[in-house]
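There are 2 protein chains.
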Amino acid sequence: MEQPAGTRGQHEASSYFSRDFNMMPAWKKLGELARAPYDLTAPGALSSARIRSYRVHAAGFDLLYSTQRVDEPVLAALQGLAEESGAVAQFLLMKKGAVLNRIEGYASEERQVLHTACRDIFAPVCPAPEASAQAKGELEKLADFLTALETGEIVNAAGEPFTDLVQVGIGGSDLGPRALYLALAAYKMPGRRVHFISNVDPDDAAATLSGLDLAKTLVNVVSKSGSTLETLTNEELVRKAFAEAGLEPSRHFLAVTGKGSPMDNPARYLRSFYMFDSIGGRYSATSMVGAVMLGFGLGYTQLLEILRGAQAMDLAAEEQDIRRNPPLLLALLGIWNHNFLGCETLAILPYSQALVRFAAHLQQCDMESNGKSVTRQGKPLAWESGPIIWGEPGTNGQHAFYQLIHQGTTIVPAEFIGFRTSQYGRDLLIEQTTSQEKLVANLLAQVLALATGQADENPNRCFAGNRPSTVLLADRLTPYAMGALLALYEAKVVFQGFIWNINSFDQEGVQLGKKLATRLLAHYAGLRQDPGYSGETSDDAGWALLGAAGVLAKERSD
Amino acid sequence: MEQPAGTRGQHEASSYFSRDFNMMPAWKKLGELARAPYDLTAPGALSSARIRSYRVHAAGFDLLYSTQRVDEPVLAALQGLAEESGAVAQFLLMKKGAVLNRIEGYASEERQVLHTACRDIFAPVCPAPEASAQAKGELEKLADFLTALETGEIVNAAGEPFTDLVQVGIGGSDLGPRALYLALAAYKMPGRRVHFISNVDPDDAAATLSGLDLAKTLVNVVSKSGSTLETLTNEELVRKAFAEAGLEPSRHFLAVTGKGSPMDNPARYLRSFYMFDSIGGRYSATSMVGAVMLGFGLGYTQLLEILRGAQAMDLAAEEQDIRRNPPLLLALLGIWNHNFLGCETLAILPYSQALVRFAAHLQQCDMESNGKSVTRQGKPLAWESGPIIWGEPGTNGQHAFYQLIHQGTTIVPAEFIGFRTSQYGRDLLIEQTTSQEKLVANLLAQVLALATGQADENPNRCFAGNRPSTVLLADRLTPYAMGALLALYEAKVVFQGFIWNINSFDQEGVQLGKKLATRLLAHYAGLRQDPGYSGETSDDAGWALLGAAGVLAKERSD
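Chains as they are written, first to last, in this note's numbering: chain A, 56 to 613; chain B, 56 to 613.
One chain only, chain A, in its complex shape:
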């Protein structure tokens, strides 16, 4: 295990790991300030001076926050909150390999949190040299494999090159990688395509496989534990399809898994790549979990660009000054809206169709990390933890749910994401503006409309305003920008977890459902083996629910 360099520094900083949010002076201060938050609808409230100065820049992104309900006193208190919670100090310890995935005094995962090490391979001095060396080793294995595919050293049984890759994985092995691939499809290598199978729904696999030339298809099976039910089931389904097509799976299947897992069996796979315990699923897009698929689809050079962008943002996240640290500022603005202004949700609104699945990735990254009820000392939280994350690309959303954002009875803080130029560059001047200009103008118009509102004699045409939002803007959605954006949100989530004093790296909340599903499946299996089987006495509610759902009767009549 990685040993952090400055042990003395670590000891001091680790005292932050048990500071309760509501015990910090900034918590009290912010509570007072929240009684009269900045009024964005007041005349002159949104001055050009404010708009121009409430702006941070890092790793290619501008963050504009003049349309948040903050002013100098609130920003000072948020800076205080960052310092009192030691948010950046904890982030630095994380990067160095501190065991942050734990609950003090209780059985827990007891793991380091080192997704940043995958990107720190570019850093002059690696904070966690061992983990970065591991990441580099896997990257080099991947580079060799990709070269062999390109030179024709690795081909199918008929001597043809592989054109397609199907990623089989779920959760972090699906959402982040898929969001990245869709975001960067414009940078695809010619003749290469990537597909995804995630759901245990058999229709998901069937729909994906129909229309593929399996002979030219690689299958990348991704599961850290090597025992994820959905992934193993889908792997079997896909292996069966290959066998039926007369193809030898071990010439087509790749594995990304933990060393020593049940899937770590080179005989069954053309190549195996490793993932490590210090990288949680929802933070694993820049590990081999995303890299193998992205390397195949976009090429190795573009893959490195993603990592470079992420590393640049990881570096910006080390700034102590919140006005120079976009992820930290975004985290604090989120806390202001959620804990102090009482907003339950956060909308992620990318004005880019390519980011169509980015909100789905963030739903996992954020909600699985921070949807918690106990502190890192196992005490019940006396404050709200993570918000509900949702959203769809604009301008589509404008024609859907924006009505509620503008005029509903619930305030929805929003994070808008935009780009100054398009990816494909195919655009058209209509009425003196391009489509991309229309896109950006719409984004900024929404931000203004939400903030300032509008009075009207017709009550149905009134807009109350004071609905807070942030804008994130970069020049273009390149692999570098995508890497930076990914890392920005990863760091934001982690900062919020530090401040709330929760463990953002475990997911005990998914266990009960798994346990009960196993119990219900035993009833199916029981019935299959013995038509007289009944689960009534051992599991009254479960058995009744299966009965009420009509699935057992169905089963019997089959």
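Keep in mind that a hint or two might mislead.
Given that identical chains are not distinguished, each listed pair holds provided it fits within a single copy or across any two copies.
Claimed, not checked - In the DSBU-like style, the derived pairs of lysine-lysine whose C-alpha atoms are separated by at most 30 Å in a straight line are:
| # | residue 1 | residue 2 |
| --- | --- | --- |
| 1 | 314 | 191 |
| 2 | 271 | 243 |
| 3 | 569 | 196 |
| 4 | 243 | 295 |
| 5 | 271 | 569 |
| 6 | 84 | 271 |
| 7 | 570 | 243 |
| 8 | 570 | 84 |
| 9 | 83 | 243 |
| 10 | 196 | 295 |
| 11 | 83 | 569 |
For the record, the hints were derived by calculation from the structure and aren't laboratory data.
Once you have looked at the hints, place chain B on chain A.
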């Protein structure tokens, strides 16, 4: 305009249009009952008798609600609420053509609401014969067109049949139709494919067109007003691509638009189909807005099946007894959770990958309908209107945001949707259960886990329970079932709007953003024409925001 048959009945029922939610006796009663809602975690609370009896069936769907925090007194009060608000009476008036899209005493759309008329073509007696006749007329035009495509009467310039159709539309012309097509892709006509372009993002169109054989492609442009900015821009982009490929657009382009709209120009289109003022965009999936594309992709017979399923559910929605009316019961359970138990959001969790975009459709259908702040008399609401709708298919979500649903500090009511058998029927027995059984078992396990929770000595492994959910189950996701599901949610949304006394059929909240976007675009155009242009004096905030976003500087340096 349609004249409702029983004018006297209408007069009585229309008194419901101005009843305020918080003035009804049931409102007070429910508020009292909400102080001690049913405790699902109490021993025996989830008895098999409760599970089996808290179930409603209609139009092929079972609705199970034993895991909601309701008991007999709450259900009686909800029945009272339905009656006091005249929810069903208003629904019947709607179907007959009452002018429900209005705000009393203020300028408003003043329209009927007759999406149900598209399905009432199967009813022995049409409640709104004129609108149903219109719908039937358009359906017959469509049937003729589809036949001509199949017989080879209509072909491309090279005499080949059309294989692909691109739907160009946004909002209701995209979300509902797309959700339906993806849900039913398993029923596709061989050799036919459908694609969608919606976003003004030029990359959206570019990504869709790349890889299409335009010579064999139809383009269906859908806009009621014929003036939707995104749709017209995309139509121009696509027409240009056709022209560049040497193809005559009028042999390829179809129009779905309002009579007399700027798009109602037969010379530019191969065929034109009409939509009517009485059908709002978000309720238009079963009108020509969805029908042309679905008819092409799935065939006319399957299209009629969708309409038949919807009509069956529309009929169930007429039941006065909430225990026989799934949409009404779902509406009331939603109101119980939202207005009385204080939950801001609602998760839609289909355990079917095919329903991947159904939640996105509901975001529009529900949030654009009920995200309102004034009553139908223009008074500010003193109660919460529509919730925030979000969700993703399971089991994927289990590996993403379910952590927060189980252990977060916010209660998220959920509606689970499942099917007893798969669409494709390709499935595999692994450990004595099929994938579809795993899918349904997981769905029901989540429902149980959320309701009952679990105690544990490790505080991080505790589940508080009492998190309410509903299950909707049908045999299989067929066109009929999809139609029923669509209509179920349309009716649910409408019922909630009736009870909250809001106009669920307008969308004034999207106007301000449009207005401001036009203002910002004028700055772009101004700069393009004159590099010395400045919008500073006329629009201080807008000009500053463009400057801070770096888009004007960019523009200048281009």
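**OP:** Against the structure, test the hints numbered earlier, and report the numbers of the ones violated in rising order.
**Re:** Those not satisfied are hints 3, 5, 6, 7, 8, 9, 11.
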